[in-house]
Amino acid sequence: MKGMLTGPVTILNWSFVRDDLSRGEVSKQIALAIHDEVDDLQKAGIKIIQVDEAAFKEGYPLRTSNIPAYESWAVRDFKIAVSSADKATQIHTHMCYSEFNDIIRTIEAMDADVISIETARSGNELLKIFAEVGYKQEVGPGVYDIHSPRIPSVEEIVDQIKRLLEVLPKEQLWINPDCGLKTRKWDEVKPSLENMVKAVEIVRASL
3 MKGMLTGPVT
13 ILNWSFVRDD
23 LSRGEVSKQI
33 ALAIHDEVDD
43 LQKAGIKIIQ
53 VDEAAFKEGY
63 PLRTSNIPAY
73 ESWAVRDFKI
83 AVSSADKATQ
93 IHTHMCYSEF
103 NDIIRTIEAM
113 DADVISIETA
123 RSGNELLKIF
133 AEVGYKQEVG
143 PGVYDIHSPR
153 IPSVEEIVDQ
163 IKRLLEVLPK
173 EQLWINPDCG
183 LKTRKWDEVK
193 PSLENMVKAV
203 EIVRASL
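Mapping of the sequence shown onto my numbering: residues 3 to 209, in sequence order.
Simulated from the structure, these hints should not be mistaken for lab results. Wrong hints could be hidden among the right ones.
[To be verified] Below 30 angstroms or equal to it, Euclidean Cα-Cα: the simulated DSSO-like pairs (lysine-lysine) are: (1) 138 to 45; (2) 172 to 184; (3) 164 to 192; (4) 30 to 200; (5) 81 to 30; (6) 81 to 200; (7) 200 to 138; (8) 184 to 4; (9) 138 to 4; (10) 4 to 130.
Go ahead and model the full structure; you've got the sequences and the hints to work with.
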């Protein structure tokens, strides 16, 4: 079972924030609260904890001169949030609808064990930067579009996984949907996930 939490920067960027403190200070306070939640999940026996930073990129300042400060406290606060994790606990994160070329080093600095990203609608374009910079952590590129009610076939997902393997080695890949499934009905979710599992089994057998 995977524990799921929303990250401090995403909570900040999707909230009405008090104006008597800096955004960086509010983010840090949120991170300290999440730190305790990560610890609670561990104590409950959860070994994989995902701290989503879906809105990480949308919080970037418009003025380029302000970007280094944003990146500094955003990375700091992600690390604070997960700093209660034991070495044996795997930390995941997720980022939505982003191009990562200009922030790939910032993502590296966050030091999550696994990042899942939306790639189903963009081919491998969003994934290539991870290979180009020699990204060391693991990546879960989405293999089907969860924004559509359409159920992907096993063959489609097999083809998508094979394309991913052209970019990153199998040891570095996780196979997952593009994003969370809250917008989908159960009769769409279950067959899609079943087909994804079958596709993984087929590809594994061929390697």
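Here is how each hint holds up against the structure:
In summary, the hint linking residue 138 to residue 45 is supported, as the alpha carbons are separated by about 28 angstroms, within the 30 angstroms threshold. Under the criterion of a C-alpha separation no larger than 30 angstroms, the hint pairing residue 172 with residue 184 is consistent with the structure, at around 28 angstroms. Distance check on the hinted pair: residue 164 and residue 192 sit about 23 angstroms apart at the alpha-carbon level, within 30 angstroms; holds. Using a Cα cut-off of 30 angstroms, the hinted pair residue 30 and residue 200 is violated, with the two alpha carbons roughly 42 angstroms apart.
For a cut-off of 30 angstroms, the pair hint linking residue 81 to residue 30 stands: about 10 angstroms separates their Cα positions. A threshold of 30 angstroms between alpha carbons decides the hint, and for residue 81 with residue 200 the separation of about 35 angstroms lies outside it, so the pair is violated. Of the pairs offered as hints, the one joining residue 200 and residue 138 holds, with about 28 angstroms between alpha carbons and a cut-off of 30 angstroms not exceeded. Distance hint between residue 184 and residue 4 is fulfilled; the C-alpha atoms sit about 16 angstroms from each other, no more than 30 angstroms.
A hinted pair counts as satisfied when its Cα atoms are at most 30 angstroms apart, and residue 138 with residue 4 qualifies at roughly 22 angstroms. Distance hint between residue 4 and residue 130 is fulfilled; the C-alpha atoms sit about 27 angstroms from each other, no more than 30 angstroms.
In this structure, the hints that do not hold are numbers 4 and 6, in rising order.
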